[in-house]
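Asker: Listed below are the residues making up each chain.
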Amino acid sequence: MRDADDNPPRLFEAEDAPHELRAWLAQARNDVTSSAEAQQLALAVQARFATPELRWPRLRSGLQRPGKVLVGLVAIGLGLGGWYVLHEDGRPDMANDSAMRTVSSGRALQETQSPSVPPTPTPAPVFNARPTDEEPTPLSVARAPHSHLAHARHNERDTVDHSSVSLHPGPAPTSSRDDEFALLRAARQAVGDHPNHALALTEEHARRFPIGMLAQERETIAIEALARLGRAAQAQARSRALLAAHPDSPYKGRIDAALSRLPSPQQVP
Amino acid sequence: MPEGTAPAHQETAMEGAEWRQALGRLLDQLDENQRAAFVLYEIQQLSMKEVAEALGCPLQTAYFRHKSARDRVLEAFRRHTAEGKA
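Note that the protein sequences, when read in sequence, are chains D and C.
Note that the first sequence covers residues 1 to 269 in this note's numbering.
Note that the second sequence covers residues 270 to 355 in this note's numbering.
Looking at chain C on its own, in the form it has when it is part of the complex (with noise of 0.2 Å):
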């Protein structure tokens, strides 16, 4: 985790609400397993090891969330950004 990063206190209210709405709206198409090894592993960076120890599933399981979240998100994204286009 860098540290002396600029907090979120910052950042205007405005562009904290754009990313974080952007964001949570791809989480959005992650159902809960996929959504909470998503944030664990991407954003809280935990082991995917920890991250199979937190949501109390095997450590595959934990892999195949991660990856199926990551490949949704990704998916997400393109068609945020394709709707952005257009």
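Next up, chain D with everything else stripped away, as it sits in the complex (with noise of 0.2 Å):
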């Protein structure tokens, strides 16, 4: 990805930078996933989300430049991710305030699900148990079964019954990590029409990935979620929770402007 013309420079890059800081920059970056992944992972969510009724102009908008776009889009997870699973493997000790951890970690957020929480109907998508087969190497992230998105074609009206997702294992991804995003960028991209297909992205993301890479992310849009489909009690439960993990969250904003849109009591019937 280039750097448009009111980008900094990068400071892997700044020639005045301290050279062991650019060649631990350079090496960070070699471990996250190559524009030829992210190419493969264009394909692959074109395919899987090429429907008419779904009106993603992002998505598509993205699909068409996947050089940068998507690699752009696939880069934030890979790079929240990455770099929780990276903290993970070489500073186990230091896990305080992260914000890459943080946003990634489902571990620290299953700590706060206590009894207190009011539970929730549906699965809860972010609390979950790490894995028990989780790649080795350094920056690998939590690997699910695979399983496909094709329920995305077939769940993009807000009639969706969550119950429904599919959960089959289906044609081999591009990669677990790219998967991941793509669930999860769908999801967003789908909150503000189709927020009960939202849901149930959220839902499959967190079955896949329970301990995934952009947990914060994932829980924010099942909030917005929740939100829009008038779910007060489910949607301030689980903002509850992820703030009271995560009480200096990037995505707080977005947490307090989706729970504004709630009714109030008396609006309630």
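Hints were generated in silico from the structure; no laboratory data involved.
Derived Cβ-Cβ restraints for the label pairs, each shown as a range:
hint: 1; chain 1: C; residue 1: Ala351; chain 2: D; residue 2: Pro9; range: 21 to 27 Å
hint: 2; chain 1: D; residue 1: Asp193; chain 2: C; residue 2: Ser337; range: 34 to 40 Å
hint: 3; chain 1: D; residue 1: Glu13; chain 2: C; residue 2: Asp300; range: 23 to 29 Å
hint: 4; chain 1: D; residue 1: Asp248; chain 2: C; residue 2: Asp340; range: 18 to 24 Å
hint: 5; chain 1: D; residue 1: Arg261; chain 2: C; residue 2: Lys318; range: 21 to 27 Å
hint: 6; chain 1: C; residue 1: Arg347; chain 2: D; residue 2: Pro9; range: 17 to 23 Å
hint: 7; chain 1: C; residue 1: Gln329; chain 2: D; residue 2: Asp256; range: 17 to 23 Å
hint: 8; chain 1: C; residue 1: Gln290; chain 2: D; residue 2: Glu13; range: 21 to 27 Å
hint: 9; chain 1: D; residue 1: Pro247; chain 2: C; residue 2: Ser337; range: 18 to 24 Å
hint: 10; chain 1: C; residue 1: Leu328; chain 2: D; residue 2: Glu13; range: 16 to 22 Å
hint: 11; chain 1: C; residue 1: Thr350; chain 2: D; residue 2: Glu13; range: 19 to 25 Å
hint: 12; chain 1: C; residue 1: Gln290; chain 2: D; residue 2: Pro263; range: 46 to 52 Å
hint: 13; chain 1: D; residue 1: Ala257; chain 2: C; residue 2: Gln329; range: 14 to 20 Å
hint: 14; chain 1: D; residue 1: Asp193; chain 2: C; residue 2: Glu344; range: 44 to 50 Å
Cut-off 30 Å, straight-line C-alpha distance, at most; resulting in silico cross-link-like pairs (BS3-like, lysine-lysine):
hint: 15; chain 1: D; residue 1: Lys252; chain 2: C; residue 2: Lys336
hint: 16; chain 1: C; residue 1: Lys318; chain 2: C; residue 2: Lys336
hint: 17; chain 1: D; residue 1: Lys252; chain 2: C; residue 2: Lys318
Note that CB positions come from ideal geometry on N, CA and C, so glycine has one too.
Please assemble the complex out of the two chains, which come individually in their own frames, going by the hints.
Answerer: This is the structure we're talking about:
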């Protein structure tokens, strides 16, 4: 991905930056997916989500320019998740105020899911157990059984039944990291017009990537979807749990905005 | 993103742990917002516009967070280097 004119020089490329620091950043950059993988993801997503009923102009636009937009979109997920795993492997003792770790750490969130948090009727998508078959490489991510995204084609309207979300094995995806990000990105794109669908996608994401790379993002999307559906109690409960785990979450603004759309108690029949 | 570069599995575990730990310590100097902006921009190579979108903040805020993060990382690196020489 190339810098636009309005982007500041990256530290990696700054000649006046310390050589060693530049080398570290270069290595970190090499740990994330290649643009080729991102383009494979673009094709996979295009095949799976090219449904006329779905209005995802940004996604489609990105698919037409995989060299820029989709690389960025994939990179968001990989960055957040990669750094979580990176730190998990490298520095297990430094687990405090890491945005990457907290953005992605299902384990931290899991610890906060106390009985005081009201249970939700749908499976909690974020606070699940760590998967048992973690990839050993330093920037690996949790591998969950690869289910496909084909259900998206069948659930495009808000009449979707959550219980119908398909978890059947499907064609091998480009990679679990790519799939994770694609799934969450699709959920984000669907929140506005298809909150039920978005919620279903977050639930599938939680099943497939229990400690996934973007746990906070996933939970935020779910809260936004629940708020749009008027499921106030669930939205508020999940919001409380998320913010209890991450009081300084970068997603706090989005969560507050979502909750502000909920009807007041007087409006609820 | 360079392709064909040496993946992590080609490093020894020790080498990988060392630079990751060192870089991680630098990033620990940042608050969540700064850290997110720094990693997304410097490592994931998103544009600032994409960083802002990912974090759900205004573009100028993303610029500010990145600049603050970069300054703190450089400062922390200088301290790290000075301590190493001491």
